[in-house]
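Using the sequences provided together with the hints, build the complete structure.
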Amino acid sequence: MDEEKRWAIFTFCSSLIITLTIMVIAVFAPLYVQILGGIIGSISVVAWIYGMFQGDYRRLRFSLGLIASLFVLSLLDQIWTRTIANKFPIQLLGFLLILFNVETMALATSHRKLHLNQYLSRGQDLARASWKIIWSKIAALGILFSGCYLLTISTIYIGLSVYPLAPVMGDTSIYLIAVFVILALFITLKEGSPNDHEVNRDLGRG
Amino acid sequence: MAFTKKGLGYLSIAYCFVAIAIAFREFYLAAYVIPIGLLFLISNSLTSVDLSGLKIERKLHPSRTFGGDPIDVTIKVTNVTGRDLKDIEVEDIVPLPLISEGGLNSVPLSLLREEALEWTYRISPAKRGHYTVGPTLIRHTDILGFYEKGIRRVEQNSFTVLPTIEKIGTLDLKAKRIGAWAGQVPSRRVGVGTEFYELRLYNPGDELQRINWKASARTGRLVTNEYESEHVTDVLIIVDTTEDVASSMFEFDLTEFQLTLAGSLSSQLLLQGNRVGLTIYGAVRAWVDLAFGKRQLIRILENLAMVKTGPALLPMSYAVESVALALMPAKSLMVFISPLLNEDTVNVISSLAEKGYAIICFTSTLGEVKGIEPRALAVRLLSAQRRANAIRVNSVATLVEFAPDVSLKSQLRRQTRIG
Chain D
1 MDEEKRWAIF TFCSSLIITL TIMVIAVFAP LYVQILGGII GSISVVAWIY
51 GMFQGDYRRL RFSLGLIASL FVLSLLDQIW TRTIANKFPI QLLGFLLILF
101 NVETMALATS HRKLHLNQYL SRGQDLARAS WKIIWSKIAA LGILFSGCYL
151 LTISTIYIGL SVYPLAPVMG DTSIYLIAVF VILALFITLK EGSPNDHEVN
201 RDLGRG
Chain Z
1001 MAFTKKGLGY LSIAYCFVAI AIAFREFYLA AYVIPIGLLF LISNSLTSVD
1051 LSGLKIERKL HPSRTFGGDP IDVTIKVTNV TGRDLKDIEV EDIVPLPLIS
1101 EGGLNSVPLS LLREEALEWT YRISPAKRGH YTVGPTLIRH TDILGFYEKG
1151 IRRVEQNSFT VLPTIEKIGT LDLKAKRIGA WAGQVPSRRV GVGTEFYELR
1201 LYNPGDELQR INWKASARTG RLVTNEYESE HVTDVLIIVD TTEDVASSMF
1251 EFDLTEFQLT LAGSLSSQLL LQGNRVGLTI YGAVRAWVDL AFGKRQLIRI
1301 LENLAMVKTG PALLPMSYAV ESVALALMPA KSLMVFISPL LNEDTVNVIS
1351 SLAEKGYAII CFTSTLGEVK GIEPRALAVR LLSAQRRANA IRVNSVATLV
1401 EFAPDVSLKS QLRRQTRIG
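Going line by line, the protein sequences match chains D and Z. So for the first sequence, our numbering puts the first residue at 1; every next one is plus one. So for the second sequence, our numbering puts the first residue at 1001; every next one is plus one.
These aren't lab readings, by the way, just hints derived from the structure by calculation. Treat the hints with care, since some could be wrong.
Said to hold, decoys possible - Pairs of lysine-lysine, PhoX-like flavour, derived with a Cα cap of 25 Å:
hint, chain 1, residue 1, chain 2, residue 2
1, D, K113, Z, K1331
2, D, K113, Z, K1005
3, Z, K1006, D, K113
4, D, K132, Z, K1167
5, Z, K1055, D, K132
6, D, K132, Z, K1006
7, D, K132, Z, K1076
Unchecked claim - A few chain D residues facing chain Z, derived, Cβ under 10 Å:
hint, residue
8, F95
9, L107
10, S110
11, A140
12, S161
13, V162
Positions of the beta carbon are idealized from the N, C-alpha and C atoms, including for glycine.
Given below as structure tokens:
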């Protein structure tokens, strides 16, 4: 299949996910968010498709920025109207879809230049390898994000079901402390590696 | 491992959610941190790679080129780490003066065990010189690109961009000193050649085709033609690059023009079988001994590629004259290529001519700039200075003036015999 056709299919698929993201964010939102979603959504889908074809990082980022602002607007409305608990599963899905689109954008920008710049015959191997990377990574990310979604929802609902038995589980601060501990532990593990100085020097960071 | 901007961005989002959750006392907002934390944990646990077994080779083709011609850089990456590699990026560092013409120097890759991948990108050096490509940087990120690990591989490869040369056609040289081998320089002696030299009486054994029948009929005795023997000669090309004349002042690059002329002359003189040497005098000084052949041309062109304009540390009378006197046989031919803006050059030419060397001086005309603005006045001043020096040189040597905007071949064709 022609390279451009393959890229068009990839663009089409990613545009569908972008549209789905906008729909998920706007579906239970108030009317004004839905209207805004319609306007912002159409702009961002057009910008996304154009950015995908050009491998233009700025257009893709602009498109995602619009969707993220729609998400924030919807979230603020939920905080204001105290409906965040009711809409949490769908709102979380919207959030993870945005993150998934961020990954698609990263893939598209790093690989598009490769497809636009096929130079010598051996570049065909490179293009084939690139498609393999793109599709396998999309699949892996799909599984990863779905897993994250299911785990988060399960954690929340398990926490809520345990709440009547152990009321302390309903306290937000417990979750916050847990999250802080995880992230702090995580940063310590990553930054404390004995080879870090060598690696940073190799990457030109002092 | 170090956090990428993306990783820091995700962390910032997590902390924003935490801050808003605290501010609004909203449990569900804090829950948004859970998937981010999970993404970090999973992405981190899936990443453990030793890049030391990754084999990278770089080939440059050709390793030597003429100005403007592109160079193909081929990178071959082989995974001999013993495990599959995902999410690596191989970037070959291309220094700034080199322009990418096609392909990519940075490629995202995933390689299976023992898999090899090869690709080529093309770079185009803007002008002559010595360039280096590399080193190659391998970056590895986790599946989500939160952390980055990098190592440097493959040392730099260098290549030389030689100055452009033109085909200038056969040079009809005169020389006071000739070599032992047959060539194309007339020797003022009777021998094997193409130029008529004199007539003499026929001797038994002379070739019949050399009999001059018209002269024989006039004199009534058999007369044969004698020809002037042609030999090779020794030529030392001296390139004066001391004058760092801004090319912006003229509509051409004076130094590049001089180097093209030096390269073209060397190529043609060597092609005609002569021994050619080179001296570069300027910010970079170089000396190439007299020698024959194609390898000598490459040596000369490689030295010309390194030229940098600017004042020399040593005076020309020492750096060029005394060395030339010591190494060049008497009466040899010396070719000066100079803008003749410096009086020292004129003094050295006069001194060498006095010592019996045959001198040819190639100099570029600077063109005319009309108007009274400072640039025009400066060009006129330089032109006047060059003209005055050229008149002095013309009295002791053969002066060949060139217009840089006309092809060398057509200008040299006008010079019937040089030297």
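Outcome of the hint check:
1. K113/D with K1331/Z: Answer violated: K113/D to K1331/Z is near 62 Å, above 25 Å.
2. K113/D with K1005/Z: Given that 25 Å is the threshold and the Cα spacing comes to 21 Å, the pair holds.
3. K1006/Z with K113/D: Status holds; Cα separation ~20 Å.
4. K132/D with K1167/Z: Answer violated: K132/D to K1167/Z is near 51 Å, above 25 Å.
5. K1055/Z with K132/D: Roughly 21 Å between the alpha carbons, so the hint for K1055/Z and K132/D holds.
6. K132/D with K1006/Z: 23 Å, holds
7. K132/D with K1076/Z: OK: K132/D and K1076/Z at ~19 Å, within 25 Å.
8. F95: 6 Å, holds
9. L107: 9 Å, holds
10. S110: Where the cut-off is 10 Å and the nearest Cβ of chain Z is about 5 Å from S110/D, the hint holds.
11. A140: 6 Å, holds
12. S161: 15 Å, violated
13. V162: Interface hint status for V162/D: violated (14 Å vs cutoff 10 Å).
In summary, the structure is inconsistent with hints 1, 4, 12, 13 from the numbered list given earlier, while agreeing with the others.
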